[in-house]
Amino acid sequence: MDYPEDFALQPYNLSYFLNNFSYPQNDTDYLPMGVKVTIVVVYMIVCVIGLVGNFLVMYVIIRYTKMKTATNIYIFNLALADSLFLATLPFQGTDLYLGFWPFGNTLCKVMVSIDYYNMFTSTFTLTVMSIDRYVAVCHPVKALDMRTPHKAKVVNICVWVLASAFGVPATFLGNCIVALPEPKTHWDPVFGTCVFVFSFLIPVAIISICYSLMVKRLRSVRILSGSKEKDRNLRRITRMVLVVVAAFVVCWTPIQIMVLAQFLGFNLSSLFTVVLMHFCIALGYVNSSLNPVLYAFLDENFKRCFREFCHPSPFRLDPQQSGRMRSIPNPDVPVLCDSTGTAIPKTNIVLHLVRPK
Numbered sequence: 001m002d003y004p005e006d007f008a009l010q011p012y013n014l015s016y017f018l019n020n021f022s023y024p025q026n027d028t029d030y031l032p033m034g035v036k037v038t039i040v041v042v043y044m045i046v047c048v049i050g051l052v053g054n055f056l057v058m059y060v061i062i063r064y065t066k067m068k069t070a071t072n073i074y075i076f077n078l079a080l081a082d083s084l085f086l087a088t089l090p091f092q093g094t095d096l097y098l099g100f101w102p103f104g105n106t107l108c109k110v111m112v113s114i115d116y117y118n119m120f121t122s123t124f125t126l127t128v129m130s131i132d133r134y135v136a137v138c139h140p141v142k143a144l145d146m147r148t149p150h151k152a153k154v155v156n157i158c159v160w161v162l163a164s165a166f167g168v169p170a171t172f173l174g175n176c177i178v179a180l181p182e183p184k185t186h187w188d189p190v191f192g193t194c195v196f197v198f199s200f201l202i203p204v205a206i207i208s209i210c211y212s213l214m215v216k217r218l219r220s221v222r223i224l225s226g227s228k229e230k231d232r233n234l235r236r237i238t239r240m241v242l243v244v245v246a247a248f249v250v251c252w253t254p255i256q257i258m259v260l261a262q263f264l265g266f267n268l269s270s271l272f273t274v275v276l277m278h279f280c281i282a283l284g285y286v287n288s289s290l291n292p293v294l295y296a297f298l299d300e301n302f303k304r305c306f307r308e309f310c311h312p313s314p315f316r317l318d319p320q321q322s323g324r325m326r327s328i329p330n331p332d333v334p335v336l337c338d339s340t341g342t343a344i345p346k347t348n349i350v351l352h353l354v355r356p357k
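Numbering (my numbering), first residue to last: 1 to 357.
Just so you know, not all the hints are guaranteed correct.
[As the list claims (entries may be wrong)] In silico lysine-lysine, DSS-like type, Cα no more than 25 Å apart, as pairs: (1) 142 with 216; (2) 151 with 68; (3) 68 with 303; (4) 36 with 109; (5) 153 with 142; (6) 142 with 68; (7) 216 with 109; (8) 153 with 36.
Since the hints were derived computationally from the structure, they do not count as laboratory data.
Produce the entire structure from the sequences given, and follow the hints as far as they go.
As structure tokens, then:
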């Protein structure tokens, strides 16, 4: 099938999904104007809230020293991928409203590539976070060497390299759609199944196994580390990661299933199905803006640092005072964020007063 030069780039990381429908692709009246406007407004709201929230998450992790834990390094990676994903929404909304892609083929390729990168970096990062939680809960001794910020950064780089296996080809194959080789009756099911399996099914299976083992461990052992305070925070962080993963699965399962069904040859070209599909796409974008809200409600460290960012404290810790304070922090306890950009552990602080000479 030959596509027009201004063929519409449709939203969601699998842009080819809509483009294979049987309805007239450039018919801007196919979707009612009210539906179009509603979807575009939702996109813009999600874009603004999500970008502000994710940039704030990344800022807090970069600014406050004690926020640079292994878990937070992974959260930074997730926020970065979500921010790139959300940045495409104004372009997606314009395309949907106009009924065609007005930004040229180069930017079209970039949008398709970003969508693929987000899909794989998000699922891979959540999988790594779940494995990280499993190691912290079930193998606390090994965790001392394995769960370091430096190793977390290396893992994040590996995640982006792995995502490039799909992101880079999408850049070259993308032409407002991903143009698969002929015959399409063979390659469509193969490609769609591979994307579903590697970007969703396998990661969710690994995550489920990790959390099943963690739940078993947490139920069988009352005190994991010998410290009640440390255990409380271990369970708190584990719960936060679980909620983030659960939100991801709930938000992305509908569109993943619809994409797979389309590639397997099911007819999804009715008006109701198209509207439902747009709702599922919007749900995926909502997930990218939802994560910062979850961090703020579920993680005390993020909550304190967000509060400090919004309402800076007049208190500053001055290391040049004649009476000097030295702290021995515990990375597994809550921290207080001061306006100097240093996160101060809430507990386990040892004070050493040094007489001025």
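Q: Starting from the hint list further up, note which numbers the structure goes against and sort them upward.
A: 7, 8
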